[in-house]
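Engineer: The lines below spell out each chain.
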Amino acid sequence: MSQIWKYVRVTPSGGRVRGVPARSSTTSISLPGTPDHLSSQSTLILRFVMSIMEHNGGSVVAMAGKNCVAIACDLRLGAGAQTIATNFEKIFPVTDRMYLGLAGLASDVVTLREKFRYLTNMFLIKESRPLEPSTFAHLVSSTLYERRFGPYFCEPVLAGLERTPSGSYKPYIVGTDLIGCLNFAKDFIVTGTASDKLFGVAEGLWEPDLEPEDLFETISQTLMNAVDRDAYSGWGAVVHVITPDKVITRTLKGRMD
Amino acid sequence: MECSFALTGKDYVLVAADTTSARSIIKMKIDEDKIKTLSPHLLMAYSGEPGDTVQFAEYIERNIRLYHIRNLYPLRPQSAAAWIRRSLAESLRSRHPYSVNLLVGGFDTADQSPHLYWIDYLGTMATVPYAAHGYGSYFASSLLDRYHNPDGTLEEGLATLRRAIDETSKRLIVAPGKYMVKVVDKDGIREIEL
Amino acid sequence: MPNMSAIVHPQQRHFNPYAENGGTILAIAGADFTVIAGDTRQSEGYSIQTRYAPKVFRLTDRAVLAVNGFAADGNMFVKKVKQRLEWYKHAHAKDMPLRAIARLIQTMLYAQRFFPYYVYNILGGIEEDGSGAVYSFDPVGSYEREACRAAGAAQSLVQPFLDNQIYFKNQTAAPGRSHPSHLPLPDVLSIVVDSFTSATERHIEVGDGLEIYIVLAKGRSLQGVEGLHGLRELSTQEDGERVFVLQRDLKKD
Numbered sequence: 000m001s002q003i004w005k006y007v008r009v010t011p012s013g014g015r016v017r018g019v020p021a022r023s024s025t026t027s028i029s030l031p032g033t034p035d036h037l038s039s040q041s042t043l044i045l046r047f048v049m050s051i052m053e054h055n056g057g058s059v060v061a062m063a064g065k066n067c068v069a070i071a072c073d074l075r076l077g078a079g080a081q082t083i084a085t086n087f088e089k090i091f092p093v094t095d096r097m098y099l100g101l102a103g104l105a106s107d108v109v110t111l112r113e114k115f116r117y118l119t120n121m122f123l124i125k126e127s128r129p130l131e132p133s134t135f136a137h138l139v140s141s142t143l144y145e146r147r148f149g150p151y152f153c154e155p156v157l158a159g160l161e162r163t164p165s166g167s168y169k170p171y172i173v174g175t176d177l178i179g180c181l182n183f184a185k186d187f188i189v190t191g192t193a194s195d196k197l198f199g200v201a202e203g204l205w206e207p208d209l210e211p212e213d214l215f216e217t218i219s220q221t222l223m224n225a226v227d228r229d230a231y232s233g234w235g236a237v238v239h240v241i242t243p244d245k246v247i248t249r250t251l252k253g254r255m256d
Numbered sequence: 000m001e002c003s004f005a006l007t008g009k010d011y012v013l014v015a016a017d018t019t020s021a022r023s024i025i026k027m028k029i030d031e032d033k034i035k036t037l038s039p040h041l042l043m044a045y046s047g048e049p050g051d052t053v054q055f056a057e058y059i060e061r062n063i064r065l066y067h068i069r070n071l072y073p074l075r076p077q078s079a080a081a082w083i084r085r086s087l088a089e090s091l092r093s094r095h096p097y098s099v100n101l102l103v104g105g106f107d108t109a110d111q112s113p114h115l116y117w118i119d120y121l122g123t124m125a126t127v128p129y130a131a132h133g134y135g136s137y138f139a140s141s142l143l144d145r146y147h148n149p150d151g152t153l154e155e156g157l158a159t160l161r162r163a164i165d166e167t168s169k170r171l172i173v174a175p176g177k178y179m180v181k182v183v184d185k186d187g188i189r190e191i192e193l
Numbered sequence: 000m001p002n003m004s005a006i007v008h009p010q011q012r013h014f015n016p017y018a019e020n021g022g023t024i025l026a027i028a029g030a031d032f033t034v035i036a037g038d039t040r041q042s043e044g045y046s047i048q049t050r051y052a053p054k055v056f057r058l059t060d061r062a063v064l065a066v067n068g069f070a071a072d073g074n075m076f077v078k079k080v081k082q083r084l085e086w087y088k089h090a091h092a093k094d095m096p097l098r099a100i101a102r103l104i105q106t107m108l109y110a111q112r113f114f115p116y117y118v119y120n121i122l123g124g125i126e127e128d129g130s131g132a133v134y135s136f137d138p139v140g141s142y143e144r145e146a147c148r149a150a151g152a153a154q155s156l157v158q159p160f161l162d163n164q165i166y167f168k169n170q171t172a173a174p175g176r177s178h179p180s181h182l183p184l185p186d187v188l189s190i191v192v193d194s195f196t197s198a199t200e201r202h203i204e205v206g207d208g209l210e211i212y213i214v215l216a217k218g219r220s221l222q223g224v225e226g227l228h229g230l231r232e233l234s235t236q237e238d239g240e241r242v243f244v245l246q247r248d249l250k251k252d
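Protein chains in written order, with numbering that gives the first Met the number 0: chain P, 0 to 256; chain C, 0 to 193; chain A, 0 to 252.
No lab work stands behind these hints, which were simulated from the structure alone.
Please read all numbers here as calculations on a predicted model, not as lab measurements.
Some hints here could point you the wrong way.
Derived lysine to aspartate or glutamate pairs resembling DMTMM-like cross-links, with alpha carbons at most 25 Å apart [stated by the list, open to error]: (1) P:Lys252 <-> C:Asp186; (2) P:Lys185 <-> A:Asp193; (3) C:Lys169 <-> C:Glu192; (4) A:Lys250 <-> P:Asp195; (5) P:Lys65 <-> A:Asp31; (6) A:Lys168 <-> P:Glu216; (7) A:Lys251 <-> P:Glu88; (8) C:Lys26 <-> C:Asp10; (9) A:Lys250 <-> P:Asp186; (10) A:Lys168 <-> P:Glu206; (11) A:Lys168 <-> P:Asp195; (12) A:Lys251 <-> P:Asp186; (13) C:Lys28 <-> C:Asp186; (14) P:Lys252 <-> C:Asp150; (15) A:Lys168 <-> P:Glu131; (16) A:Lys217 <-> A:Asp252; (17) P:Lys65 <-> A:Glu200; (18) A:Lys168 <-> A:Asp31; (19) C:Lys9 <-> C:Asp110; (20) P:Lys114 <-> P:Asp95; (21) P:Lys114 <-> C:Glu192; (22) P:Lys185 <-> A:Asp31; (23) A:Lys168 <-> P:Asp256; (24) A:Lys168 <-> P:Asp186; (25) A:Lys168 <-> P:Glu126; (26) A:Lys168 <-> P:Asp213; (27) P:Lys65 <-> P:Glu53; (28) A:Lys251 <-> P:Glu212; (29) A:Lys168 <-> P:Glu212; (30) A:Lys168 <-> P:Asp95; (31) P:Lys185 <-> A:Asp252; (32) A:Lys250 <-> P:Glu88.
Which bits of chain C does chain P cover? Going by a derived footprint, with three or more residues having C-beta under 8 Å, they are [claimed, not checked]: (33) 24-36; (34) 153-162.
Just so you know, even glycine gets a beta-carbon here, dropped at the ideal spot from N, CA and C.
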């Protein structure tokens with residue numbers, strides 16, 4: 000994943016030269032094109048700052064059930080290892096039957112939330128028809144791909160109920176990477192700093208055709224146990240279960256460490 | 000090094016920032032006011048890259064003022080914070096991003112509630128009961144976590160703030176010597192001697 | 000005249016003595032048994048070197064060792080542990096107790112503190128008091144006795160699942176009831192199999208085959224699992240602790 004590396008070259012006098020590009024990740028290398036007398040006396044120290052995607056922490060998971068979908072996120076907002084806030088929700092309503100989860104750089108989480116709110120409002124004004132999850136998924140994808148070479152550092156997860164021609168609803172969950180590559184899954188989508196843990200637990204707990212209350216328990220257990228093994232996620236969670244006639248939203252208490 | 004703290008209480012927000020202005024190892028000034036009054040009920044403590052800070056704070060100050068003049072009423076704290084955050088987020092992806100960290104504290108006269116926002120140079124915004132920027136945050140956040148009372152009186156809030164500042168002065172090698180403290184409540188903004 | 004350009008531009012040679020060979024291991028302790036399991040895929044980068052390279056080894060009738068990380072180091076380490084256990088047997092006319100093996104492994108790992116065996120060890124078996132035990136190690140010998148532990152490529156996938164299913168983390172017992180501190184053998188076996196099928200599904204370095212070792216305490220019957228397909232006994236005596244192995248297929252993609 001995209002990482003910011005800060006390169007600081009320490010010269011014998013102690014003066015520092017910033018932004019020197021390096022091609023290797025070893026701790027001490029000679030610089031390309033640097034005069035010998037300089038590279039032999041100076042050491043290049045590569046200081047790991049941290050990955051942009053992990054800077055603020057946070058995780059999101061979505062699951063499909065029988066005639067329902069669920070989406071859940073943790074509540075932590077950090078700046079590296081320091082926790083700034085424990086009330087930072089990463090899931091936002093788009094329509095009555097569709098929620099969007101955004102994990103990644105918190106600044107872009109808010110920017111994208113505002114952008115998608117604007118875009119969905121414009122869609123409703125111009126088209127005067129309901130916005131379906133499959134339509135919105137492609138709006139998300141193209142919005143992210145627009146910034147292909149300077150991306151928003153967010154990986155969205157969408158959970159909703161899609162209206163079928165017969166008038167019933169079918170579960171629809173989709174995730175994308177930070178440049179908008181859509182991932183249609185029939186079981187679950189995970190993203191964020193605890194994504195590997197979420198994959199493991201979800202793969203073990205999820206089963207097809209769960210009823211809303213069982214889906215709530217499954218997604219809650221998945222998220223809580225995954226974030227408890229992740230230092231950058233946690234401090235409670237919010238779970239939304241979307242059914243054709245209502246959305247059940249619950250806030251969960253979690254470990255505070 | 001620069002430190003700023005803020006906390007909410009019952010119907011008020013306290014904002015404190017150090018008053019030193021330094022270049023390298025030299026103290027250039029020890030009575031610099033780093034808390035801008037944006038509107039009658041809105042405060043903003045700023046810190047970060049010298050130059051960027053004042054430039055950005057004045058840009059924000061004049062635009063919030065312009066809004067007030069045009070509309071005859073000021074921007075509410077929620078809206079002002081959202082706009083300030085947006086300015087930083089847009090700046091982040093420009094050719095010369097502002098390196099400015101902010102604490103925005105305000106009193107919403109519409110529903111009589113205090114609001115505090117933690118904003119960093121990336122455009123990250125958090126709605127918080129208490130906040131800190133700079134090295135002081137490593138000492139203050141645990142104290143604020145332990146002693147903060149969202150329904151506390153102004154005296155209680157000041158005592159908590161004093162704890163945070165005292166601990167920072169005691170343990171931080173490069174601690175600033177003096178702080179300016181401002182409070183915003185239903186009566187507006189005033190400076191307080193700690 | 001020597002070629003000056005070769006002198007002016009010094010070249011660096013590099014040899015990396017370590018590799019990472021993927022795979023995952025896992026052990027769970029019961030009240031009077033222990034289950035130690037590992038997948039059998041061995042890979043380097045995106046290449047599969049073999050679909051059957053055992054990572055779990057019977058040391059004695061009451062101790063089984065799982066090694067994961069750099070396969071060459073792992074095999075060498077197991078070889079040396081087995082050698083030390085044989086010497087012990089010749090000297091004392093009995094098998095080394097499990098907690099002593101754990102301490103031996105710490106000493107052997109720490110002896111290589113500045114050129115470590117690049118392996119994560121999990122030791123499982125039966126303690127002298129007849130209880131099931133799991134000891135987990137880091138590459139330089141820090142160790143701890145636990146009820147369950149996963150290690151290797153899919154540790155991050157499996158461990159939170161075990162927290163939930165073995166330690167009942169984030170679960171509240173029904174009023175007036177409490178969570179069991181140890182699960183019965185059939186339940187443990189199905190959790191092990193589920194953990195590996197899940198890890199196989201979502202991790203490219205896990206798959207091909209699964210080897211599950213079961214160590215039973217002295218006098219404990221195979222009750223509940225005697226009918227399992229392909230169950231093979233490895234123990235040398237019938238009246239002591241007994242070791243069994245089970246093999247299962249995992250997806251090969």
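Engineer: Decide, hint by hint, whether the structure agrees.
Structural biologist: Checked hints:
no., hint, in the structure
1, P:Lys252 <-> C:Asp186, "violated (37 Å)"
2, P:Lys185 <-> A:Asp193, "holds (20 Å)"
3, C:Lys169 <-> C:Glu192, "holds (20 Å)"
4, A:Lys250 <-> P:Asp195, "holds (19 Å)"
5, P:Lys65 <-> A:Asp31, "violated (41 Å)"
6, A:Lys168 <-> P:Glu216, "holds (13 Å)"
7, A:Lys251 <-> P:Glu88, "violated (40 Å)"
8, C:Lys26 <-> C:Asp10, "violated (36 Å)"
9, A:Lys250 <-> P:Asp186, "holds (19 Å)"
10, A:Lys168 <-> P:Glu206, "holds (20 Å)"
11, A:Lys168 <-> P:Asp195, "holds (18 Å)"
12, A:Lys251 <-> P:Asp186, "holds (21 Å)"
13, C:Lys28 <-> C:Asp186, "violated (31 Å)"
14, P:Lys252 <-> C:Asp150, "holds (23 Å)"
15, A:Lys168 <-> P:Glu131, "violated (38 Å)"
16, A:Lys217 <-> A:Asp252, "violated (40 Å)"
17, P:Lys65 <-> A:Glu200, "holds (23 Å)"
18, A:Lys168 <-> A:Asp31, "holds (22 Å)"
19, C:Lys9 <-> C:Asp110, "holds (13 Å)"
20, P:Lys114 <-> P:Asp95, "holds (18 Å)"
21, P:Lys114 <-> C:Glu192, "violated (43 Å)"
22, P:Lys185 <-> A:Asp31, "violated (41 Å)"
23, A:Lys168 <-> P:Asp256, "holds (15 Å)"
24, A:Lys168 <-> P:Asp186, "holds (24 Å)"
25, A:Lys168 <-> P:Glu126, "violated (48 Å)"
26, A:Lys168 <-> P:Asp213, "holds (18 Å)"
27, P:Lys65 <-> P:Glu53, "violated (33 Å)"
28, A:Lys251 <-> P:Glu212, "violated (35 Å)"
29, A:Lys168 <-> P:Glu212, "holds (20 Å)"
30, A:Lys168 <-> P:Asp95, "violated (33 Å)"
31, P:Lys185 <-> A:Asp252, "holds (20 Å)"
32, A:Lys250 <-> P:Glu88, "violated (38 Å)"
33, 24-36, "violated (count 0)"
34, 153-162, "violated (count 0)"
Hints 1, 5, 7, 8, 13, 15, 16, 21, 22, 25, 27, 28, 30, 32, 33 and 34 from the list above are not met by this structure, while the remaining hints are.
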